[in-house]
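Residue numbers (UniProt numbering), protein chains in the order written: chain L, 1 to 678; chain U, 1 to 678.
Keep in mind that the hints were calculated from the coordinates and are not lab data. In this text the structure is predicted, and so the values were computed from the model without any measurement. A couple of the hints might just be wrong.
Given that identical chains are not distinguished, each listed pair holds provided it fits within a single copy or across any two copies.
Said to hold, decoys possible - The calculated lysine to any residue pairs, modelled on SDA-like cross-linking and capped at a C-alpha distance of 25 Å, are:
{"no.": "1", "residue 1": "282", "residue 2": "526"}
{"no.": "2", "residue 1": "418", "residue 2": "281"}
{"no.": "3", "residue 1": "507", "residue 2": "544"}
{"no.": "4", "residue 1": "325", "residue 2": "601"}
There are 2 protein chains.
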Amino acid sequence: MAEDHVDVLIVGAGPAGLMLATWLAKCGVKARIVDKRGTKIFNGQADGLQCRTLEILDSFGIGHRAWRESNHMLEICLWNPDSNGVIHRSSRLPDTIPGISRFQQVVLHQGRIERFFLDAINEFSSGGVAVERGVLPTSLEIDRTCVEDPEAYPITVNLRHLSEEDATPKQSSTMSNGISAQDGLFRSNLMADDTADMLKTSELNQKANTTETIKAKYMVGADGAHSWVRKEIGLKLKGESTDYIWGVLDIVPITDFPDIRSRCAVHSANSGSIMVIPRENKLVRLYIQLTTTSKIQGQDSRTDRSWITPKVILESAQRILSPYKLDYRKLDWWTAYQIGQRVGSSFGVHDRVFLAGDAVHTHSPKAGQGMNVSMQDAYNLGWKLSSVIKGHSNRSILKTYEFERKAIAHALIEFDHKFSRLFSGRPAKDIMDEEGISMDEFRDAFQKGNLFASGIAVDYGRSLIVTKPVAENGASEATPATTSTPVTGIQDLAPGLKVGQRIPSVKVLNQSDARPWHLQELLPSNGTWRLLVVPGDVSQPGQKSRLEKLCGQLSNPESFLRRFTPNTARYDSVIEVITIHGAPRQSVDVFDFPEVLRPFHDVDGWDYEKIFVDDQSYHEGHGEFYKTFNIRRDEGCLVILRPDQYISYVGKLDDYESADRFFSEFMLPQNNLTLPNV
Amino acid sequence: MAEDHVDVLIVGAGPAGLMLATWLAKCGVKARIVDKRGTKIFNGQADGLQCRTLEILDSFGIGHRAWRESNHMLEICLWNPDSNGVIHRSSRLPDTIPGISRFQQVVLHQGRIERFFLDAINEFSSGGVAVERGVLPTSLEIDRTCVEDPEAYPITVNLRHLSEEDATPKQSSTMSNGISAQDGLFRSNLMADDTADMLKTSELNQKANTTETIKAKYMVGADGAHSWVRKEIGLKLKGESTDYIWGVLDIVPITDFPDIRSRCAVHSANSGSIMVIPRENKLVRLYIQLTTTSKIQGQDSRTDRSWITPKVILESAQRILSPYKLDYRKLDWWTAYQIGQRVGSSFGVHDRVFLAGDAVHTHSPKAGQGMNVSMQDAYNLGWKLSSVIKGHSNRSILKTYEFERKAIAHALIEFDHKFSRLFSGRPAKDIMDEEGISMDEFRDAFQKGNLFASGIAVDYGRSLIVTKPVAENGASEATPATTSTPVTGIQDLAPGLKVGQRIPSVKVLNQSDARPWHLQELLPSNGTWRLLVVPGDVSQPGQKSRLEKLCGQLSNPESFLRRFTPNTARYDSVIEVITIHGAPRQSVDVFDFPEVLRPFHDVDGWDYEKIFVDDQSYHEGHGEFYKTFNIRRDEGCLVILRPDQYISYVGKLDDYESADRFFSEFMLPQNNLTLPNV
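Please put together the full structure from these sequences, using the hints given.
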């Protein structure tokens with residue numbers, strides 16, 4: 001039997017698996033990614049992309065593709081019954097809170113997002129990594145004796161390669177208004193898992209007889225709500241499901257409803273609710289409530305779903321939207337689902353096998369969160385795995401994955417739980433109607449939910465890579481690693497750059513050519529940490545001398561820049577130094593800055609892409625970096641950014657020691673230097 | 001012998017030929033494009049892309065690719081000798097005049113731009129059109145008896161297909177600092193034309209024996225300075241060449257010159273001048289003066305170029321930049337050229353064979369204009385050819401090609417003539433030094449040249465498709481077509497939208513979903529004319545009723561919208577109606593506007609992509625369309641835009657008659673309607 005050694009085996013090639021594969025390919029880690037499905041794109045499967053997700057896609061060089069092709073959602077309209085029970089627009093809200101990101105929420109077919117990832121994986125791996133479709137893992141063994149050995153391959157997985165026929169999910173074609181449409185029920189939680197069936201079929205199928213054994217250092221289950229990996233490692237999701245059943249139609253609507261190109265939440269008086277999600281290519285997705293709180297005629301919808309058809313869903317929609325008319329000639333896709341929220345008690349075992357995305361948390365799709373949180377799980381994990389596998393970091397940072405993402409998963413299902421119930425409930429007729437839902441309460445929840453839903457509010461807790469102060473009330477005791485002398489910076493030096501959150505973006509100018517860049521554009525996801533040197537106004541002698549003191553230490557052959565970077569690697573491959581100064585651009589040039597801030601390369605000369613300035617641009621205004629983040633030009637600061645753009649540390653400009661101690665906690669010396677005692 | 005019929009045969013697949021092929025593919029016209037060269041991309045061949053060129057590329061959906069990959073040039077630094085004869089930075093200027101475009105000038109490898117065009121051609125023609133390389137035309141005949149018959153194929157061309165070896169230009173490899181680099185001398189004007197040699201070789205070569213005959217309605221020679229098409233139709237370029245010889249180096253510089261990443265014009269006291277053009281991938285292009293006004297040692301450089309080597313060019317550069325150091329380890333490409341300016345007396349014959357780009361005007365590359373003006377020639381011609389070939393317009397509009405582009409070519413060589421001499425001259429030592437060049441005069445010329453160089457200042461003269469008033473001084477008498485009752489609009493209704501110029505762009509919001517779009521993004525190059533309905537504040541009853549009056553006439557079955565659009569075509573395929581109103585967005589919805597402004601489609605429903613509003617956006621500010629272009633909200637206007645975004649007409653909102661007469665001048669009725677007398 002064939003045997004292969006890989007650093008990481010990824011099971012599942014949906015958005016979470018592909019995000020992880022993209023990360024690993026970018027970092028040059030040897031990975032394989034398999035998926036039991038034989039086809040990669042289905043109609044439907046659209047989802048909102050939060051602004052944070054777009055920032056992340058952009059960090060891999062594919063954000064602009066999503067931004068161009070997607071439908072941009074700018075406005076939310078809330079509709080509910082007036083005093084006569086007729087629906088009317090009660091308020092308009094911006095869909096993305098203005099100012100929180102350079103992107104706004106958009107909607108795009110999941111197949112396109114997967115295409116962008118596949119292109120990126122192909123480019124980053126120079127064609128070396130491709131998704132293997134129609135491949136099912138059949139057994140998993142973990143050798144517990146060597147899980148703490150960084151060089152070991154403790155995981156053994158057998159894979160079976162399916163025939164194309166076996167790997168194609170069963171979809172039913174529906175003729176509707178003369179045009180056939182495929183349903184998406186095979187992915188709905190109304191359907192049972194088909195993995196066992198697929199496996200059984202393939203065993204019986206003579207065509208599918210190739211199997212192989214994989215030895216892996218790490219394994220990630222991104223294999224969806226029915227996760228095989230999760231079952232193999234013996235973890236369960238905990239939570240509940242409701243009796244709310246919703247239908248989904250992707251149609252080109254023909255309607256006199258005036259807000260059909262806005263995101264709308266419509267509560268009818270007695271016929272249930274609709275959410276309108278305008279999509280690309282004139283499509284609109286409608287989430288349509290099919291039942292209220294009682295099961296239809298006592299049937300268990302999980303076993304009998306035959307009553308759910310596009311016609312039934314459309315008729316529900318027509319009742320809810322009345323007196324407006326709704327019809328369609330073009331149905332692209334449809335499905336139905338039952339609302340519920342579940343989350344895993346643990347996100348993996350031994351810091352060797354991890355779960356990500358729907359494999360470890362499920363909820364209702366209407367919140368537009370599923371794909372985003374799943375991708376962000378993988379985004380959190382990818383650089384940590386790479387860093388450990390490449391020998392740059394010790395295994396301690398892996399513990400932060402569950403610590404950071406479990407908190408997000410709980411927040412997600414809490415949000416979804418509350419929101420789903422508010423949305424599925426009947427609107428209150430008046431203030432005395434206690435069984436009804438208050439529309440004011442719904443609007444407030446919607447607005448608050450919007451910040452959560454943007455992905456921008458994520459705030460990771462204290463750990464060895466997030467140097468928040470130890471909380472007095474003990475709230476952060478879940479920190480996965482500590483040392484006797486924890487590094488703590490001084491948040492007040494940059495109140496707008498919050499430790500634990502992703503760094504916000506404003507425009508800064510390249511010192512050498514005056515080109516404006518969004519700060520986040522300088523932070524591509526390539527696995528490097530960043531030391532952001534923010535020296536303030538370097539035309540002031542005091543700031544200049546503090547900067548020179550810092551640079552003297554950074555240039556030292558024993559500095560953390562040198563110790564943790566292999567001698568054979570580029571100077572910016574492990575920790576990149578980026579300077580954003582606050583003197584007028586035309587008052588200085590790059591040669592006024594110490595060479596460690598603009599290193600020399602034998603062929604390329606000095607590096608002109610490391611020194612930036614907060615100044616007025618010729619064509620794109622003033623980014624106001626110092627003002628926006630409340631950093632004093634006569635004080636400055638030093639910021640450490642994780643490879644995923646989250647802020648690890650804010651401290652004094654010339655506090656070299658804290659930065660050195662920070663990295664020394666988990667980074668591994670690379671060279672045979674005589675090291676100081678660390 | 002094989003014979004093929006095509007609408008258009010394009011000779012030459014450089015930027016001009018590819019731009020034309022892109023246009024024709026987009027419009028669905030049957031074209032072939034051949035090029036004598038066997039390979040498509042050479043090192044070097046970079047050029048600046050003006051902001052107008054980026055607008056044009058964006059109108060074909062490829063502007064963002066150029067914008068992302070290119071180096072952006074923001075700042076110009078002028079250096080000249082101080083009182084001690086040592087060079088110093090005397091001023092800094094913005095490279096693109098702020099506010100004239102949403103793009104700024106950039107630099108990108110010509111091969112990438114050609115790649116974008118090839119991808120667009122492939123996409124637009126669904127793979128039906130591909131550049132045929134290594135194909136040479138060998139004879140051209142024009143049947144003069146049928147040149148005015150729109151259905152005729154008066155052009156007969158024989159083509160010879162070369163072997164790959166024959167089609168590859170001879171380049172010499174130069175070893176320099178251990179790295180070999182290819183030269184670009186085969187395209188330099190220091191070299192003789194090699195077409196005859198290629199043909200002769202191929203005749204002798206047994207491998208290359210396929211020939212074919214093409215019957216074409218139209219033919220375009222975009223075959224460069226040595227244009228075979230130009231020679232066949234008996235046209236000559238007129239002008240002069242100078243003795244100024246310049247070298248070009250594309251290097252990754254290693255230098256302490258602080259402005260190496262800015263565009264610089266450096267005049268040394270006695271060693272000549274350099275222009276610095278920072279490029280993508282750390283490259284910098286240096287244009288380096290090799291001789292002043294006398295030929296080197298009496299040699300004729302056209303016959304003996306052996307003295308020109310990278311070493312000689314670098315040494316010149318080092319002398320000019322002294323006391324700064326300049327060296328390199330990486331040489332990407334180099335060439336040399338002699339400055340001269342020539343332009344064709346005519347741009348074609350019989351309005352059947354046309355010349356574009358270098359085939360009809362040549363000048364020095366330093367102005368960064370060549371590729372831009374060449375592409376813009378083709379951009380001017382493409383939609384006119386398509387419109388005539390598809391039977392939408394009569395042949396009269398073809399005369400405007402030479403009329404409009406010859407004026408540009410003359411302005412170009414005048415600019416280049418003046419600029420080259422100012423740049424090649426020795427700086428004046430003081431005010432008494434009459435032989436020297438005044439550096440103040442140079443800076444002024446540079447700044448004025450910048451507006452010209454942007455491509456934004458292009459202002460086409462009066463013709464049947466540019467309804468400027470007849471000039472009193474007779475300056476516009478060269479108008480290629482007139483009628484007894486010429487249409488003239490009222491420019492004062494929109495002083496910021498100048499008839500004859502390309503429409504400037506500001507952001508407007510889609511009425512239906514609040515999404516901001518740059519106005520130019522609504523005007524993709526697809527061959528359609530646009531009627532811009534600018535009704536002002538439609539919440540005012542007066543404006544609303546004027547709009548309704550106009551729409552009543554537009555909806556009439558005999559209106560120009562209907563007459564000139566084939567019954568089988570989409571409602572917006574010949575003339576698209578776009579509305580930009582000035583009432584508050586939330587005060588109206590699309591159903592408040594007459595249906596002709598948001599037409600109904602059986603499958604797609606109402607069109608939500610035609611009605612826009614000048615209002616505040618949620619995230620991207622206020623475009624201030626009415627204010628910027630000085631249009632009164634209580635007056636409005638009607639604007640006619642050509643398919644190339646140039647403004648044909650500005651008139652009264654409810655002056656349906658003038659618009660009808662405008663289109664009736666050259667458009668052909670499509671349907672068997674009973675027409676009014678037109």
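Hints versus structure:
no. : hint      : verdict
1   : 282 x 526 : between (36 Å within a copy, 20 Å between copies)
2   : 418 x 281 : neither (32 Å within a copy, 51 Å between copies)
3   : 507 x 544 : within (23 Å within a copy, 43 Å between copies)
4   : 325 x 601 : between (67 Å within a copy, 16 Å between copies)
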